[in-house]
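Q: Listed below, chain by chain, are the residues.
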Amino acid sequence: NAGVTQTPKFRILKIGQSMTLQCTQDMNHNYMYWYRQDPGMGLKLIYYSVGAGITDKGEVPNGYNVSRSTTEDFPLRLELAAPSQTSVYFCASWGRDSYEQYFGPGTRLTVT
Amino acid sequence: AQTVTQSQPEMSVQEAETVTLSCTYDTSESDYYLFWYKQPPSRQMILVIRQEAYKQQNATENRFSVNFQKAAKSFSLKISDSQLGDAAMYFCAYRRMEGSNYQLIWGAGTKLIIKP
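Line by line, the protein sequences give chains A and V. For the first sequence, my numbering gives the first residue as 1, with consecutive numbering after it. For the second sequence, my numbering gives the first residue as 1, with consecutive numbering after it.
The hints are simulated quantities; they were obtained by calculation from the structure and are not laboratory data. A quick note: this is a predicted structure, and the numbers were derived from the prediction, not measured. One should not assume that every hint holds.
[Said to hold, decoys possible] Listed next, the in silico BS3-like pairs over lysine-lysine satisfying Cα-Cα at most 27 Å (straight line):
id : chain 1 : residue 1 : chain 2 : residue 2
1  : V       : Lys115    : A       : Lys44
2  : A       : Lys57     : A       : Lys9
3  : A       : Lys44     : A       : Lys57
4  : A       : Lys44     : A       : Lys14
5  : A       : Lys14     : V       : Lys70
6  : A       : Lys44     : V       : Lys78
7  : V       : Lys73     : A       : Lys44
8  : V       : Lys111    : V       : Lys70
9  : V       : Lys73     : V       : Lys55
10 : V       : Lys55     : A       : Lys9
Model the full assembly from the supplied sequences, consistent with the hints where possible.
A: This is the structure we're talking about:
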């Protein structure tokens, strides 16, 4: 049982490039989330999903897109990367009968 | 809308002593969950303790306990016999009992420093 996995762990992008952050969970959780954490700050919700085919915006969705074609996967797409998107990105999941929200290890993204 | 406030950006404590981290929240709901998560330098988010609002008894997990004051909307975390491994960012979070798509509302965090 791997829990929530994220790839890559680190990435450096040039301004204007695009990339996809991958997130997979093997706990059959319905709810999945993408957060960003800026240095010294708390977590801000980017997008979330309540099940396959259903996604919705969180607090800071601009510059990002998501899809949820399966229960397991919830990729986050960055289009036209900007320095303001330099952050650590966390994926998380929660099942209906789960005690807590489970987090992936995070992806550190730098845009220069 | 619900909000969560952690008024202490940083706290320090001597190893083996006790420290209390503060958290207040604002909600009109009567049933909800409250959480403390720990984020060590590894960045991994780790659940420390959870409290259901309908439970009178304060939650306890080994050296970690909470002081839940529902009327005051206060949810502080007490760490007893502090250890070097407790050094981390600590985040308080709130979740409605039903609905809200299981979203957590997060505080800004408190950085805990343990002095050897």
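Q: Of the numbered hints stated previously, which ones are contradicted by the structure, given in increasing order?
A: When the structure is compared with the hints, numbers 1, 5, 10 turn out to be violated.
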